[in-house]
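Participant: Residues per chain are reported as follows:
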Amino acid sequence: MSGRPSPLEEPVGELSLKGRHFYNLAHFSKREVESLLEAAFEFKRGGGGLPLAGKSVALLFFDPSLRTRASMEVAIHQLGGQAVVLQPGQGIWDLEFEEGAVMDGSRPEHVKDAAAVLSRYVSAVCVRAFPKLQNWEEDKRDKVLKGFLQHSRVPVINLESCWFHPCQALADLMTLREKVGSLEGKKVVLSWACHPKPLPMAVPNSFALMASQFGCQLTIARPPEYALDPDLVELVRRNMEQFGLKFRETTSMEEALEDAEAVYPKSWGSLAFYGRWEAEKAVRGRYRTWIVDQEQMNRARAACFMHCLPIRRNVEATDGVIDGPQSLILQQAENRLHTEKAVLSALL
Amino acid sequence: MSGRPSPLEEPVGELSLKGRHFYNLAHFSKREVESLLEAAFEFKRGGGGLPLAGKSVALLFFDPSLRTRASMEVAIHQLGGQAVVLQPGQGIWDLEFEEGAVMDGSRPEHVKDAAAVLSRYVSAVCVRAFPKLQNWEEDKRDKVLKGFLQHSRVPVINLESCWFHPCQALADLMTLREKVGSLEGKKVVLSWACHPKPLPMAVPNSFALMASQFGCQLTIARPPEYALDPDLVELVRRNMEQFGLKFRETTSMEEALEDAEAVYPKSWGSLAFYGRWEAEKAVRGRYRTWIVDQEQMNRARAACFMHCLPIRRNVEATDGVIDGPQSLILQQAENRLHTEKAVLSALL
Amino acid sequence: MSGRPSPLEEPVGELSLKGRHFYNLAHFSKREVESLLEAAFEFKRGGGGLPLAGKSVALLFFDPSLRTRASMEVAIHQLGGQAVVLQPGQGIWDLEFEEGAVMDGSRPEHVKDAAAVLSRYVSAVCVRAFPKLQNWEEDKRDKVLKGFLQHSRVPVINLESCWFHPCQALADLMTLREKVGSLEGKKVVLSWACHPKPLPMAVPNSFALMASQFGCQLTIARPPEYALDPDLVELVRRNMEQFGLKFRETTSMEEALEDAEAVYPKSWGSLAFYGRWEAEKAVRGRYRTWIVDQEQMNRARAACFMHCLPIRRNVEATDGVIDGPQSLILQQAENRLHTEKAVLSALL
Numbered sequence: 001m002s003g004r005p006s007p008l009e010e011p012v013g014e015l016s017l018k019g020r021h022f023y024n025l026a027h028f029s030k031r032e033v034e035s036l037l038e039a040a041f042e043f044k045r046g047g048g049g050l051p052l053a054g055k056s057v058a059l060l061f062f063d064p065s066l067r068t069r070a071s072m073e074v075a076i077h078q079l080g081g082q083a084v085v086l087q088p089g090q091g092i093w094d095l096e097f098e099e100g101a102v103m104d105g106s107r108p109e110h111v112k113d114a115a116a117v118l119s120r121y122v123s124a125v126c127v128r129a130f131p132k133l134q135n136w137e138e139d140k141r142d143k144v145l146k147g148f149l150q151h152s153r154v155p156v157i158n159l160e161s162c163w164f165h166p167c168q169a170l171a172d173l174m175t176l177r178e179k180v181g182s183l184e185g186k187k188v189v190l191s192w193a194c195h196p197k198p199l200p201m202a203v204p205n206s207f208a209l210m211a212s213q214f215g216c217q218l219t220i221a222r223p224p225e226y227a228l229d230p231d232l233v234e235l236v237r238r239n240m241e242q243f244g245l246k247f248r249e250t251t252s253m254e255e256a257l258e259d260a261e262a263v264y265p266k267s268w269g270s271l272a273f274y275g276r277w278e279a280e281k282a283v284r285g286r287y288r289t290w291i292v293d294q295e296q297m298n299r300a301r302a303a304c305f306m307h308c309l310p311i312r313r314n315v316e317a318t319d320g321v322i323d324g325p326q327s328l329i330l331q332q333a334e335n336r337l338h339t340e341k342a343v344l345s346a347l348l
Numbered sequence: 001m002s003g004r005p006s007p008l009e010e011p012v013g014e015l016s017l018k019g020r021h022f023y024n025l026a027h028f029s030k031r032e033v034e035s036l037l038e039a040a041f042e043f044k045r046g047g048g049g050l051p052l053a054g055k056s057v058a059l060l061f062f063d064p065s066l067r068t069r070a071s072m073e074v075a076i077h078q079l080g081g082q083a084v085v086l087q088p089g090q091g092i093w094d095l096e097f098e099e100g101a102v103m104d105g106s107r108p109e110h111v112k113d114a115a116a117v118l119s120r121y122v123s124a125v126c127v128r129a130f131p132k133l134q135n136w137e138e139d140k141r142d143k144v145l146k147g148f149l150q151h152s153r154v155p156v157i158n159l160e161s162c163w164f165h166p167c168q169a170l171a172d173l174m175t176l177r178e179k180v181g182s183l184e185g186k187k188v189v190l191s192w193a194c195h196p197k198p199l200p201m202a203v204p205n206s207f208a209l210m211a212s213q214f215g216c217q218l219t220i221a222r223p224p225e226y227a228l229d230p231d232l233v234e235l236v237r238r239n240m241e242q243f244g245l246k247f248r249e250t251t252s253m254e255e256a257l258e259d260a261e262a263v264y265p266k267s268w269g270s271l272a273f274y275g276r277w278e279a280e281k282a283v284r285g286r287y288r289t290w291i292v293d294q295e296q297m298n299r300a301r302a303a304c305f306m307h308c309l310p311i312r313r314n315v316e317a318t319d320g321v322i323d324g325p326q327s328l329i330l331q332q333a334e335n336r337l338h339t340e341k342a343v344l345s346a347l348l
Numbered sequence: 001m002s003g004r005p006s007p008l009e010e011p012v013g014e015l016s017l018k019g020r021h022f023y024n025l026a027h028f029s030k031r032e033v034e035s036l037l038e039a040a041f042e043f044k045r046g047g048g049g050l051p052l053a054g055k056s057v058a059l060l061f062f063d064p065s066l067r068t069r070a071s072m073e074v075a076i077h078q079l080g081g082q083a084v085v086l087q088p089g090q091g092i093w094d095l096e097f098e099e100g101a102v103m104d105g106s107r108p109e110h111v112k113d114a115a116a117v118l119s120r121y122v123s124a125v126c127v128r129a130f131p132k133l134q135n136w137e138e139d140k141r142d143k144v145l146k147g148f149l150q151h152s153r154v155p156v157i158n159l160e161s162c163w164f165h166p167c168q169a170l171a172d173l174m175t176l177r178e179k180v181g182s183l184e185g186k187k188v189v190l191s192w193a194c195h196p197k198p199l200p201m202a203v204p205n206s207f208a209l210m211a212s213q214f215g216c217q218l219t220i221a222r223p224p225e226y227a228l229d230p231d232l233v234e235l236v237r238r239n240m241e242q243f244g245l246k247f248r249e250t251t252s253m254e255e256a257l258e259d260a261e262a263v264y265p266k267s268w269g270s271l272a273f274y275g276r277w278e279a280e281k282a283v284r285g286r287y288r289t290w291i292v293d294q295e296q297m298n299r300a301r302a303a304c305f306m307h308c309l310p311i312r313r314n315v316e317a318t319d320g321v322i323d324g325p326q327s328l329i330l331q332q333a334e335n336r337l338h339t340e341k342a343v344l345s346a347l348l
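Each protein sequence line maps, in turn, to chains P, S and B. Be aware that the first sequence starts at 1, since it is given in the numbering used here, and climbs by one per residue. Be aware that the second sequence starts at 1, since it is given in the numbering used here, and climbs by one per residue. Be aware that the third sequence starts at 1, since it is given in the numbering used here, and climbs by one per residue.
In short, the hints are calculated from the structure, not lab data. Take every hint as true, because none was put in to throw you off.
In the DSS-like style, the derived pairs of lysine-lysine whose C-alpha atoms are separated by at most 30 angstroms in a straight line are:
hint, chain 1, residue 1, chain 2, residue 2
1, P, 44, S, 18
2, B, 132, B, 266
3, B, 197, P, 132
Let the hints inform the model, and build the full structure from the sequences given.
Facilitator: Here it is, written out as structure tokens:
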């Protein structure tokens, strides 16, 4: 990895929102994020116009999607634009990402050319590319998104990469704002949850960054093996210090939930066992009780229940909680649409 | 299955067409169907407007499609709306359909969430999901469509389920109306035809229901092993009794065709051998003569030839008949577009 | 093959551009091509209008695509129309192409029906279908495109077939015109290049035909085993004779490049080894030096570097050349958009 700047340390651009990339919500100042939120609320009230009239936007899905794809397609259309959906390996060419590669293998096109060509046709390139979950040192380079950020001449919007899911974080922020008003000092719990598979960390990463940037009293509950990336945790800690808050981690979901105002269960894979699922599976068997049920919710009586979806019902949380009155999951999903419109309008 | 209401017995909703689901054409009264037909004829004459302006419609294809997909995409666009095409398992998450499932298997998202989320983005959800053809007791629950009907908060349009293909039936009705005027008392033959594979029964089911609801003298010709579902046949029989007509089944295509005004060959699998294709194949070998050729058509001199397509040329019917002057197949296909516009405009 | 007219000898239609197929650029007179170019330049200057308003266009991709798909989708939208993307075998039915086939195999629908049905929904059918690369006698029938040309009742646009890639050739022509003005007498080199796979010949075929039709002093550089189809080469020769030019082939890239004004490296498979890649691979090992690097470019000091993309970087040409000041690859890619708009507007 050797000297490449990590995605976490990326310098914040000096540009206005127009023309900028949307890779990591934390690259935007609080004032900038507030302006996005303001626009999102205006869209939710039915405001709008057609700022994308005559413009096309490419949506590249290297990985599956329901909410992101449907909400982006609808957002682009409602703003007057055209969504062009492309699925590499399924109808479009597989891409090479290594700089200087001698391309005599199985990948026919370099991201350098794909990004530059798309920039001639469309006004923004939106990309989803999950980690391969074999090697964190490799995944943390986030090479698909990085390739497009480097070679696209139009704004790139991250639809979930190895590191970040900024569209989800912005929708989560909007939902919290609707529910609890200012986030400052509000106790919010991000809790690891059980799941039959090791999952990526983009959602918890982006949620933790967002919550800490906006002054939440964030607690992360997780089994010992499930720490998030230490550099990211350090950033979260520093963000919270600016509000005079102390970041807490605990291995007890029960303890964390007490008096929380929002509970966000989310599963992710263990960095300690990255790429070794058989070994992790043995450990994970001990954590089947990491499910949010009504008993847990009662510890946080007024708390709202959040999730980015898709959710494993009766594994991450029970049907009763997911469908109960504290659940904000559909509001979060709907806010994806409004916040994406805000991002598209601001950048394009 | 135990006490669940069967799709056949679904109560007819008391709502106006606006906001209703379009799952089974038989759930609509004759007066309601006539209003759809009237709108379809108006669209065919070039009338229209943009009743879907600003609206998006999701098209979920769990199974392949040419006509349905192309005609729906074009219909939605010509009405001013946006079609969002999603293919579960091919770019979008696989779905779980069992109520209360502990989701620790391979399906990451429940239809409950998918349907509720899509309802926040789009104005209608259109779904195609074929039977698995392993177990009729299982298939007849029609669980994919049922899942969306139950959990969607916007109208669901059935693009062919285990039981029904109401869009095809409406286009078939429009085509018959163009050709023979009132359907009452007109002799119409639905004939089983040969095919290299066991096929679903949605098209014959919906055609038989529609023909009987509109007073055709319907005859079904089929080999002994190829009865349609007995509950459905009973409904057809009762529909016809209301017109003072007697439903006929015969094992002789020749006999059935005599003096028919319309011939609709269609292949389907045997309920007696459901899920046991090897066994069925041995039986089916005896029915290679179930092909509509010119000799058969001559038995029904003035008859029109109908098929929903795709058709196995020179297996279900000969090239000569399919491409001959009696064939209505392209008219049927075109009427898909006009009737789908009528349905979309009425429901949304 | 027996008496079928070859795609090369297809008679030029007597129709105006309106309603014509766009299968092979060489089927259009120079005057007709000039009118397309003129429209393309007008689109590039920002002119336009919405000639496709209310119209839908089907895009059938039997094979992968990035530029073609994205540029066509954007072109159609910018002209006011709707693109309906269909991928046979991936969501739509597989097609049968043999006339009179007894369809008891694995292909459920005949092109005859698919083309006729689509003609009822859309205003043009655009088709991409690569050769199978097993048998040139079979591939040269170009049966997928031929099937649509025969059975569609609306214009068919070839998005790359076994024989031709007319959209690419038109964009290449536009790019050359921008760079060198009139093509007459300009020395242009089409050079075979190394590649890890045998590739189709549609791009070199269409480039050679176009260059010769417009009076270039065309030279083809290639190893001995890599002759293009002899009938095509004969046509190129005759085209050039009409300008008093002599067509040249050489087995030395170095020699060919001297004083060239444009260099178009492109890989293709050997007709001598068609369908026998293992055998061809052994031979090809000798031609690893067929790469365009800066040293080669220096032989053609003022030359522009062209490629249709995707390009195998550091195999067909070096990064330095591809990204250097002589490279026109992004201009070519952009001109796909403008020329496709010209074709769509002229034909529909």
